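Going down the list, the sequences are from chains A and B.
Quick note: the first sequence uses the numbering used here, first residue 1, plus one each step.
Quick note: the second sequence uses the numbering used here, first residue 1, plus one each step.
It should be emphasised that the hints constitute simulated quantities derived from the structure, not laboratory data.
Computed from a predicted structure; not experimentally measured.
For every residue, glycine included, the Cβ atom is placed at its ideal position computed from N, Cα and C.
A few of these clues could be false.
For each label pair, taking beta carbons as the anchor points, the in silico distance ranges come out as [said to hold, decoys possible]:
| no. | chain 1 | residue 1 | chain 2 | residue 2 | range |
| --- | --- | --- | --- | --- | --- |
| 1 | A | D71 | B | E26 | 38 to 44 Å |
| 2 | A | T38 | B | P115 | 27 to 33 Å |
| 3 | A | G16 | B | G17 | 47 to 53 Å |
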Amino acid sequence: DARVTQTPRHKVTEMGQEVTMRCQPILGHNTVFWYRQTMMQGLELLAYFRNRAPLDDSGMPKDRFSAEMPDATLATLKIQPSEPRDSAVYFCASGYQSLPRSNEKLFFGSGTQLSVL
Amino acid sequence: QQQVKQSPQSLIVQKGGISIINCAYENTAFDYFPWYQQFPGKGPALLIAIRPDVSEKKEGRFTISFNKSAKQFSLHIMDSQPGDSATYFCAASKDRGSTLGRLYFGRGTQLTVWP
Numbered sequence: 001d002a003r004v005t006q007t008p009r010h011k012v013t014e015m016g017q018e019v020t021m022r023c024q025p026i027l028g029h030n031t032v033f034w035y036r037q038t039m040m041q042g043l044e045l046l047a048y049f050r051n052r053a054p055l056d057d058s059g060m061p062k063d064r065f066s067a068e069m070p071d072a073t074l075a076t077l078k079i080q081p082s083e084p085r086d087s088a089v090y091f092c093a094s095g096y097q098s099l100p101r102s103n104e105k106l107f108f109g110s111g112t113q114l115s116v117l
Numbered sequence: 001q002q003q004v005k006q007s008p009q010s011l012i013v014q015k016g017g018i019s020i021i022n023c024a025y026e027n028t029a030f031d032y033f034p035w036y037q038q039f040p041g042k043g044p045a046l047l048i049a050i051r052p053d054v055s056e057k058k059e060g061r062f063t064i065s066f067n068k069s070a071k072q073f074s075l076h077i078m079d080s081q082p083g084d085s086a087t088y089f090c091a092a093s094k095d096r097g098s099t100l101g102r103l104y105f106g107r108g109t110q111l112t113v114w115p
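Please work from the sequences and hints to get the whole structure.
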């Protein structure tokens with residue numbers, strides 16, 4: 001059963017430390033998203049890629065966050081330095097953009113629960 | 001600024017009843033309106049979606065009603081079951097027909113179905 005795999009599932013770190021979250025999209029998917037979920041803001045887009053090229057990272061604080069796709073099977077989200085307000089669940093999602101559009105579907109991973117103390 | 005407004009925040013329904021969740025949007029450029037279901041500890045999962053060229057879409061017990069002129073859409077869950085207890089998110093997107101564009105989510109509705 002194909003699924004989006006995120007690691008780690010849980011991360012507790014101290015303020016100022018670097019955090020790296022990884023995502024393995026479903027094989028063959030060409031579009032990858034990073035969303036963040038908090039009680040205060042809900043689900044919000046941080047960045048997304050198509051064919052490994054960044055399309056929109058307007059939701060990401062550029063001074064501390066970075067998102068990359070080193071290859072088609074790996075997406076990373078880094079926070080350096082981390083702050084307590086970064087505590088959230090970070091979701092990766094992937095899909096394959098195709099025609100007809102009715103064949104497209106977005107699949108979410110189970111998320112990385114980040115706590116910054 | 002919340003691009004998609006969702007209500008109610010929480011909903012309690014008896015087994016067998018109808019659950020109704022409402023969403024409203026302002027941006028007329030939105031051309032794709034999905035609903036996602038999320039269980040604790042899991043990511044959102046696509047439940048059902050609609051485009052603005054139709055007023056209703058039904059899949060099993062789940063129906064989306066879409067009112068383009070009012071810029072509102074709603075999810076109806078018929079014969080609600082305890083297994084439907086989850087958080088439901090409406091969303092909207094504008095990516096020239098693609099369903100894989102940036103999603104603007106509502107704040108979510110926590111549904112509890114009592115047996």
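Against the structure, the hints:
1. A:D71 - B:E26: 38 to 44 Å: Once the Cβ atoms are compared, 39 Å apart, the range 38 to 44 Å for E26 of chain B and D71 of chain A holds.
2. A:T38 - B:P115: 27 to 33 Å: holds, 31 Å
3. A:G16 - B:G17: 47 to 53 Å: This hint holds: roughly 50 Å between Cβ atoms.
Checked against the numbered hints listed earlier, the structure breaks none of them; every hint is satisfied.
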